[in-house]
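The hints should help you fit chain L onto chain Z, whose structure is shown.
Protein chains in written order, with our numbering: chain Z, 1 to 338; chain L, 1 to 338.
Calculated directly from the structure, the hints in this document are not laboratory data. For clarity, every value in this text was computed on a predicted model and none was experimentally measured. Among the hints, a few may not be true.
No copy is singled out in the list; a pair is fine if it fits within one copy or between any two copies.
Think about it this way: if two alpha-carbon atoms lie no more than 25 Å apart in a straight line, the pair counts; the simulated DMTMM-like pairs of lysine to aspartate or glutamate are [unchecked claim]:
(1) K273 with D46
(2) K6 with E77
(3) K6 with D130
(4) K263 with D232
There are 2 protein chains.
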Amino acid sequence: MPTSKKKGTQTVVFARPPGISSWASIVGPKEGAGPWGSYFDWRLNDYLFGEETWEKAESKLLRETVKLAISKGNYQESDMELLIAGDLLNQTIASNFAARDLALPLLGIFGACSTIAEGLIIGAMLIDGDCIQRLVAAASSHHYTAERQFRLPTEQGTQKPPTAQWTATAAGAAVLDGLAAAGPRITAVTIGRVVDMGITDAADMGSAMAPAAVDSIKRHLRDMGRPLSYYDLVVTGDLGRIGKTMAEKLLSHEGIEPYSNYKDCGVSLFGLKQSGVNAGASGCGCSASMLCGPLLKKITDGDIHKLLFVATGALMSPLSSWQGESIPGIAHAVAIEY
Amino acid sequence: MPTSKKKGTQTVVFARPPGISSWASIVGPKEGAGPWGSYFDWRLNDYLFGEETWEKAESKLLRETVKLAISKGNYQESDMELLIAGDLLNQTIASNFAARDLALPLLGIFGACSTIAEGLIIGAMLIDGDCIQRLVAAASSHHYTAERQFRLPTEQGTQKPPTAQWTATAAGAAVLDGLAAAGPRITAVTIGRVVDMGITDAADMGSAMAPAAVDSIKRHLRDMGRPLSYYDLVVTGDLGRIGKTMAEKLLSHEGIEPYSNYKDCGVSLFGLKQSGVNAGASGCGCSASMLCGPLLKKITDGDIHKLLFVATGALMSPLSSWQGESIPGIAHAVAIEY
Numbered sequence: 001m002p003t004s005k006k007k008g009t010q011t012v013v014f015a016r017p018p019g020i021s022s023w024a025s026i027v028g029p030k031e032g033a034g035p036w037g038s039y040f041d042w043r044l045n046d047y048l049f050g051e052e053t054w055e056k057a058e059s060k061l062l063r064e065t066v067k068l069a070i071s072k073g074n075y076q077e078s079d080m081e082l083l084i085a086g087d088l089l090n091q092t093i094a095s096n097f098a099a100r101d102l103a104l105p106l107l108g109i110f111g112a113c114s115t116i117a118e119g120l121i122i123g124a125m126l127i128d129g130d131c132i133q134r135l136v137a138a139a140s141s142h143h144y145t146a147e148r149q150f151r152l153p154t155e156q157g158t159q160k161p162p163t164a165q166w167t168a169t170a171a172g173a174a175v176l177d178g179l180a181a182a183g184p185r186i187t188a189v190t191i192g193r194v195v196d197m198g199i200t201d202a203a204d205m206g207s208a209m210a211p212a213a214v215d216s217i218k219r220h221l222r223d224m225g226r227p228l229s230y231y232d233l234v235v236t237g238d239l240g241r242i243g244k245t246m247a248e249k250l251l252s253h254e255g256i257e258p259y260s261n262y263k264d265c266g267v268s269l270f271g272l273k274q275s276g277v278n279a280g281a282s283g284c285g286c287s288a289s290m291l292c293g294p295l296l297k298k299i300t301d302g303d304i305h306k307l308l309f310v311a312t313g314a315l316m317s318p319l320s321s322w323q324g325e326s327i328p329g330i331a332h333a334v335a336i337e338y
Numbered sequence: 001m002p003t004s005k006k007k008g009t010q011t012v013v014f015a016r017p018p019g020i021s022s023w024a025s026i027v028g029p030k031e032g033a034g035p036w037g038s039y040f041d042w043r044l045n046d047y048l049f050g051e052e053t054w055e056k057a058e059s060k061l062l063r064e065t066v067k068l069a070i071s072k073g074n075y076q077e078s079d080m081e082l083l084i085a086g087d088l089l090n091q092t093i094a095s096n097f098a099a100r101d102l103a104l105p106l107l108g109i110f111g112a113c114s115t116i117a118e119g120l121i122i123g124a125m126l127i128d129g130d131c132i133q134r135l136v137a138a139a140s141s142h143h144y145t146a147e148r149q150f151r152l153p154t155e156q157g158t159q160k161p162p163t164a165q166w167t168a169t170a171a172g173a174a175v176l177d178g179l180a181a182a183g184p185r186i187t188a189v190t191i192g193r194v195v196d197m198g199i200t201d202a203a204d205m206g207s208a209m210a211p212a213a214v215d216s217i218k219r220h221l222r223d224m225g226r227p228l229s230y231y232d233l234v235v236t237g238d239l240g241r242i243g244k245t246m247a248e249k250l251l252s253h254e255g256i257e258p259y260s261n262y263k264d265c266g267v268s269l270f271g272l273k274q275s276g277v278n279a280g281a282s283g284c285g286c287s288a289s290m291l292c293g294p295l296l297k298k299i300t301d302g303d304i305h306k307l308l309f310v311a312t313g314a315l316m317s318p319l320s321s322w323q324g325e326s327i328p329g330i331a332h333a334v335a336i337e338y
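With the rest of the complex left out, here is chain Z (with noise of 0.2 Å):
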């Protein structure tokens, strides 16, 4: 059956799904300490990275997160046609001094937190329809380059409210190689659609992403002609805690249900015991390190044969919440099976 897409719908079903060869994580000392701590490439100790900035320290950050899913995957860089990079910075900064670093052709994608679904999708699209042979995706959040960037100075030591989240220190950066004999595979993507349900709260990003997660959830499965049971976990990106639960009950005025095989990459990444992170973790890193990390190491171990990994992103500015903007919620939904 050849690669296909059905008018009307959003998803892309891979003629030859096009292959995860290589993976790489690297996270901060925050989410190195974390339930899933082992399954991370690094864990660093401090915040700078060895860099003067923090914003520099996620450049790094990024970059190195590619040099070792390059080298893992028994690759030289000048093997890599092209990197698919995103970040949350103002003019996505990281990602662009990585790639000067690297010296890859790039395509520069904002998708906030949606980011790695978005590289891997557009990634996917182009090794299945024979434009590109081999690439790297990737993405990356900083802690201090976030907060100072989108809240308030972290001197200031501002009490954050029970819905806020805690951006990951982490980036995850995944091979893609049309040629790859075994591993996991991307069978099929579903290119998601801005969804506003009118929240204004900048401090809970959850409940304005999860209505968006659910769409592309249910649009993927009727696509499909699958009930969310055909996987064996589908995981959100970073909706947290308060929009995991939201999600659950979308999903279940939906119709969509069980649910029982249902995560959230920002309610796991610091599990329970963690302090200070509020509703969980989120960040263009949170879902990249979850599934450069623990998810795919999980999918060649056997434990997990097919996932629907589903990042989130919100979409908002500082100065679109200013102007009294809703935040706009997106999800890319990757099927990954093994």
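Just chain L, lined up with the frame of chain Z:
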């Protein structure tokens, strides 16, 4: 011959070149009063476009340009399977909010002023690969949103150096259709890599981007085995007068001559008569509106048969400049033939 990309090259040559079946451009008052005014679909009388803020006006500019490109091609919005869009605003909010109102699946991109070329490149590859049949690629910029985000409050009336460029208030959108029977076609694309020659002056972005433009032109011609003269016109995005002169010197240094058929959208948009624009125009909307206005019109009129469109981007942010970083440049090349 199937779609191909030789290893080690950055150029994809399409087996069935995707058609540009419809396009539209909307520009601000200053752009509309320039030498190409009559080539744009709409010329705005003011910078607010009926909105309360410049940012909301930019998002409307992008949205209305996309709608116009769709309706000019006798399409319905529901015929479009995807919007690929980007802009210069932090977290690309012009695009995100436009996508919300259009209810189209979104792949958000960031390539600074090279954005429209990045969108056409991704779009052409997705259509060639049979993943998508019809999509819109779009990009926008707005003089006043860019001034206050990247520079100084306009109320301050700061004098600018002669190397500075005037961010265009403009948007361009193009519909790519894999089933288009006639019209201009994208025959090959060259994905740019980041080139950074150490320029640190954010008021001289033309000089920062010129080496990237020449790198992509050189790689494109080498990958295709073509002289520059194969094209009736080679046009860069927004190098402006200083950057264009530098690009000409670099082309000459690379042995790529003659370049009498080489022009730059940043020089052309305002022409020579408009005052206050210093070295010329810039912004995502500069090359996007020039392509989706004068250039595609001249192609369908038969004045240009073969165009190499090389949009250029400066990938820094105010923060990266404050932290002492130089300005990384990128340029993506799109060959359009009719």
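Going down the list of hints, with the structure as the test:
no.	hint	in the structure
1	K273 with D46	within (21 Å within a copy, 55 Å between copies)
2	K6 with E77	between (36 Å within a copy, 16 Å between copies)
3	K6 with D130	both (20 Å within a copy, 11 Å between copies)
4	K263 with D232	within (11 Å within a copy, 56 Å between copies)
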